[in-house]
Each structure stands twice: as structure tokens, then as C-alpha cells.
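Enquirer: Sequence:
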Amino acid sequence: MELLVGSIFGYGLYNILCYTFKIPDGSYVKPFRRFKSKTKSENIITEFKAKIYYKTLNYIKIDELKRKKLEKTLFLANIDRKPEEYIAEGVSNLIFHMIVSLVLLLINPMMTFIVLGYGFYLYNKHKKYPYSQISFNKMLIESELYRFVTTIEQELLIDTDVVRIIEAFKNRTNDVFKRHLERCLTEMRTSNEISALKKLETRINSSMLSDVCRGLIALSRGENNREYFSRLSTSFKSLYINQKRKEASLLPDKIKKYEVAVLVSLAVIGVTGMLMGSLLSM
Numbered sequence: 001m002e003l004l005v006g007s008i009f010g011y012g013l014y015n016i017l018c019y020t021f022k023i024p025d026g027s028y029v030k031p032f033r034r035f036k037s038k039t040k041s042e043n044i045i046t047e048f049k050a051k052i053y054y055k056t057l058n059y060i061k062i063d064e065l066k067r068k069k070l071e072k073t074l075f076l077a078n079i080d081r082k083p084e085e086y087i088a089e090g091v092s093n094l095i096f097h098m099i100v101s102l103v104l105l106l107i108n109p110m111m112t113f114i115v116l117g118y119g120f121y122l123y124n125k126h127k128k129y130p131y132s133q134i135s136f137n138k139m140l141i142e143s144e145l146y147r148f149v150t151t152i153e154q155e156l157l158i159d160t161d162v163v164r165i166i167e168a169f170k171n172r173t174n175d176v177f178k179r180h181l182e183r184c185l186t187e188m189r190t191s192n193e194i195s196a197l198k199k200l201e202t203r204i205n206s207s208m209l210s211d212v213c214r215g216l217i218a219l220s221r222g223e224n225n226r227e228y229f230s231r232l233s234t235s236f237k238s239l240y241i242n243q244k245r246k247e248a249s250l251l252p253d254k255i256k257k258y259e260v261a262v263l264v265s266l267a268v269i270g271v272t273g274m275l276m277g278s279l280l281s282m
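In terms of the numbering used here, the numbers along the sequence shown are unbroken and rise by one, the last being 282.
Misleading hints may appear alongside valid ones.
Quick list of simulated restraints, FRET-style, between CB atoms [as the list claims (entries may be wrong)]:
{"no.": "1", "residue 1": "66", "residue 2": "266", "range": "57 to 67 Å"}
{"no.": "2", "residue 1": "222", "residue 2": "189", "range": "11 to 21 Å"}
{"no.": "3", "residue 1": "147", "residue 2": "275", "range": "23 to 33 Å"}
{"no.": "4", "residue 1": "48", "residue 2": "125", "range": "20 to 30 Å"}
Calculated from the structure, these hints are not laboratory results.
Fair warning: this is a prediction, and the values are worked out from it, not measured in the lab.
Ideal placement from N, C-alpha and C gives every residue a C-beta, glycine not left out.
Hey, can you work out the whole structure from these sequences and the hints?
Expert: The structure is reproduced here in C-alpha cells:
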């Protein structure tokens, strides 16, 4: 009993300390685990999955229209894979679970359905992942637009070179927005500034970014848009503050569950200690 209570108390205290001191979580440490040596069984499973993947990849054929559509989706989702490779990854993982379920059919029929169901769940999740990631990336981009507009407003005091303004901001934003800005800069240098900004607007499909692109297009045409970006900055500032207030309002609920766990653990430890003390005295 004391071990269970101690575990709950330790888990709650650990999460509170992680949040207080900004300790990296598992998602941060995960990439470094790749460099650890794997066991023999893990290597066998990995090699077997790789063989299924490459066999599946040979049979994946996509027509040009669907390929372009999926290529755009993967780019927006920040997934650096070709459409055929992404589809093959999901299908090969499903085939692997189907093979495992067939083996388990001889050992435990109940486990067969569990493994097969889990395989289909992972396959469905793999198919939907790019679209959920696009929504998440769009949110990340929109959270940076207030800073972007503020930077444009300040840079306009120097000159109206759109390429220089985007170049000055791209290294100060998150990786998702930076990737889109780098592609936009490449298109600006190789073709046309206005068409590159229109493509950026179409790719992300955000009403907030559309307002920014409209102002940048006007700058490219030689118009003086300082007042426009000043008004846009004021408008985005209120949205930015509301977003941060919403994020801040969610933090107490997240911390509260850990506080309750710690308080309950302390109470149980205290009561258990008193009972143990009274029993020993008897």
C-alpha cells in the first residue's frame, strides 16, 4: 500500500517539478534514443519490417493528379517523404500486424483479433495524421503572424524590399513557418514576387495570412503600406493576447490534477504512518 501511495506521490511531484523547471519530456529525448544499440530481437523485427516495406513500395502506383495532391498535403504537414513512401509505410505496418495475427491464430485466437484490430487502428491513424498535422501547423503559423506583422512594420522604416523583410524574419520564427517562408523566398528569386506570395497564401489557406500577403503584394507593386500594417498589427495584437489568455487559462487545470494527486498521497501516507505507529506501540 505504501509503495503504491509513494509511487503516486512521486509521479505527481515529478510532473510539478518538470513543469516548474522546464525539464525536457519524452518527446524531446526520443530522437537521442535512436543512437542506442538495439537488442538482437529488435534488429530482427526491424529488418523484417524493412523487407515488407521495400516489397510493398514496389507495388505502390499513384496517378499524377493524386500524387501532386498528396505531395502538397505532406509538405503542408511538414513530412519529408514522397507520397509512395508514406503510403508504403502505412500499408507495410498493416501487413506486419496481419502476419503477426496469423501466427498468433495458432497460439491464442483472442490475441489474433486484438493485434489485427490494433494494426487497422494504426493504419487509420497513419492515413489521418497528415491532415491533423496540417491543422496543428496552421495554428503554429497563425500564432507567429503578430510577430511577423510587427517585424514588417519596423522594417518598413528602413525600406520596402519584401525579400529582405522576409529574410530578416524567417530565422526568428518556428520551423514550420520558416519552411514555408524559405520556399516562398526561393520562388521569389527564381520567378516572381507577387506569384510567390499568392502561392504562399494558397498553400496555408489562412485568412490572417491572406491579409499579410495582400499587404506584401501591395508593397511589391510599389505602394506605401505602412498604415495598413500598423492597423493589421493592432488587430493581430488583440487576437494574440486572447490566444495567450486562453492558453494560460488551461494551465491551472493541468496543474490541479497533479496537486490533487500529491495531496491525496500525503494524506494516505500520513494516515498509514499513524496506523503503523499505533500498531507497533500495541
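Enquirer: Indicate whether the distance between the beta carbons of residue 147 and residue 275 respects the range 23 to 33 Å.
Expert: violated, 57 Å
Enquirer: Regarding residue 66 and residue 266, is the given constraint of 57 to 67 Å on their beta-carbon distance met?
Expert: About 58 Å separates the Cβ atoms of residue 66 and residue 266, which means 57 to 67 Å holds.
Enquirer: Taking 20 to 30 Å as the hint, is the beta-carbon distance of residue 48 and residue 125 inside that range?
Expert: Since the Cβ atoms of residue 48 and residue 125 sit about 21 Å apart, the hinted range of 20 to 30 Å holds.
Enquirer: Is the gap between the beta carbons of residue 222 and residue 189 within 11 to 21 Å?
Expert: Hint holds: Cβ distance 19 Å, inside 11 to 21 Å.
Checked against the numbered hints given earlier, this structure breaks only hint 3.
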